[in-house]
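With the hints as extra help, turn the sequences into a complete structure.
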Amino acid sequence: MNGESRLSLHPLLADPEGLRARLRPVAGRHRKERIFYFLCLAVSGMAVLILAALFGAITLMGIATFSWKFLTAPPSPAAEESGMYPAIMGSVWVVLLAMLTALPLGTASAILLEEYRPRSPLMRRIQHIIELNITNLAGVPSVVYGILGLTVFVYMFPLFDGTGKPVREWGVVYYDQFYNEADTVLLVPVNTLDAPPVQPKTGMLAFDADFHPVNLQVIGEDDPWPEDPERARVTLRETDMGGRISEKTWYYFCLPFGRGVLAGALTLGLVILPTIIIVAREALRAVPDSLREGAFALGASRWQTIYRVTLPAALPGIMTGSILAMSRAIGEAAPLIMISGIVFLTNPPRHLMDDFTVMPLQIFNWAQRPQTDFHALAASGIIVLLAILLVFNSIALLIRQRYQKPLS
Amino acid sequence: MIALCVTDMNELKPKTTLDMPLSPESRVRGRAVRRFRRGIEWLILALLGSSTGITLLVTAAIIMVLGVETVLFFRQEEVSVGEFFFSLQWNPLLGGEKHFGIWPLLTGTLMISVIGLAVAVPMGLITAIYLSEYAHPKIRAVLKPALELLAGIPTVVYGFFALAFITPLLKWFHEGFNSYNALSAGIAVGILIIPIVSSIAEDAMRAVPNALREGVYGLGGTRFDAAVKVVFPAALSGIVAAVLLAMARAVGETMVVALASGSTPRLAYDPRLETQTMTGFMVQMAMGDVSNFGVEYYSLYAVAATLFVMTFSLTLLGAWVRRRYQEKYE
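Chains A and B, in that order, are what the protein sequence lines are. Each residue of the first sequence is one higher than the one before, starting from 682 at the first, in the working numbering. Each residue of the second sequence is one higher than the one before, starting from 4 at the first, in the working numbering.
Accuracy of the hints is not assured; some may be wrong.
[Unchecked claim] Only part of the chain A face toward chain B is listed, based on derived beta-carbon distances under 8 Å:
(1) L786
(2) L794
(3) N814
(4) G820
(5) H1032
(6) A1059
Since the hints were made in silico from the structure, they are not lab data. Every value quoted in this text rests on a predicted model; they were computed, and no experiment measured them. We put the CB at the ideal spot given by N, CA and C, even for glycine.
This is how it looks when you write it as structure tokens:
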């Protein structure tokens, strides 16, 4: 098709006389042109200016409280002693687990949508619906995913009673903890969290503070305290009451998940899944067909072609996209606030079901407080967050420049 | 030519291995290998299909969860469908009489979104025109990454920026501003969605063929004429889609409003005062750790369902406008 017939398709140009009439009477068109140009320049410059103001303001507010201690200390009610170590570790756990779930799922979906083009009209329609659905999922506000995660992962609503309390547990031992008059700790194992309190009896198995098994000696309320220190170490009085404590292993697991790391990570995985599918599809689409055809011509099957040819060629693109999706996940706060709720923690997570906080939540917590001391902390936290994002984006850029060689 | 080929083929034929008889065992083995390979292919297809099915499952789960819990919300004694849609008070937490009218939250959401769009649409569109029609490659090389950077900054950062920078600035201009106010949050939301508007609109304008611009120049038009009178109308479907998507994003924006706009739902249109949005209410509930089955807990789902319906229809509308009104030039 030549240029003229293409032009004639547009209504404004189909009628050159009309357009000329519209253009001609405007006096000082060139002045208007220049004014508009400067308007454009000014407005576009505003974007850069806003960015500069944002970085400048945050650096000015946060640089004073930014130190090595800030990175390694837990948050504290005293602003000057606060740090964000638990939040940093929480982010690492949650984001890595989220990527671990979303990346295989997203890449697999992208491969199916991009490499297995259906021929039958029915399958085509289904594919179209799936594509539209992914576009829609990408537009769902992340806070709605938070609600979804709260119901499906935290409470597992239809399956359990809906309180979020653990119903089935693995990798945990409960103890009743006693302090005796010789000031030693004695732990008596019990079966469940809700078991009735232990009545100490002679000969009962217990553990001392170093988890060595000992046999309890129980004496009456008014009996004299034994002289022998070895014996006194394992002696309790009949009336002593213990406190319930739990010893959770690193592989502790429970159902429903509760407000823990795993629930947060799965929710975050759902948030970034559409993004990963979209970028992985783009990366696969950028692989020229000649490579696929070459593989087919050599007798490779469809999966062999994908696994040995298409996927390696698309890998830099998929990696770049995933890193960008990951930087979105690091900054995401809304879904995780629905999951974790509490945002003041002094310990990093120790197992998949542990309470957690992440960097944006810690920043939110500090920014929410009325005292300006904490605002400075929030600004410091933002500096850390932005620095991490900057590193991630640079890595993505590096991969893009280094490995994305023209394939056709 | 064809004859030549045929003679070539005939010459080749004796050299091929096809004449060599395959042993029956190797034929069976070959068939087994082929069947195994085909089995693997099907297995992999099934795996890929099930992971793609998860995306459909997610949508189904969202609709199910929000639907079921919203129905449970309306079954509660304290609420009725009529009250939810027509009462003008939202007061689920404080003791005394509880009210569940969505309007205060809805108007709060709309006010902040409209402020955001009022900031982002002019700025985003003019930036898009500049990038697509005017910008020198060198300026483009600065401006594009700056916009991408704006798009990549976490929303909680914008919330803090609104609270700690924009609000004091507004207070300095005018004393009537509350420490938490709708305007500050709206401006921050606007900054947040500028990159969405500008990038989608720019793509739409770049898709307009150069022949149209050359037509304008050929008729003596300036670049302003080309950009505003020809390219802009030609790309209108993409631009409308960009605005709709930005609106969906503004409606669902959470951390900015949770930080900067306060937590008093009110049915008033004064942007200087505290306002609560739907998302703001959801965060407030999450912070309050409401984990029982009271009516407040279910109200969370009713609000989320309203939010989901709004953003879902905006996204669908955007996709539809883009497809339906797209002008094709080839």
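Status of the hints after comparison with the structure:
no., hint, verdict
1, L786, "holds (5 Å)"
2, L794, "holds (7 Å)"
3, N814, "holds (5 Å)"
4, G820, "holds (4 Å)"
5, H1032, "violated (21 Å)"
6, A1059, "holds (6 Å)"
The structure shown violates just one earlier hint, number 5.
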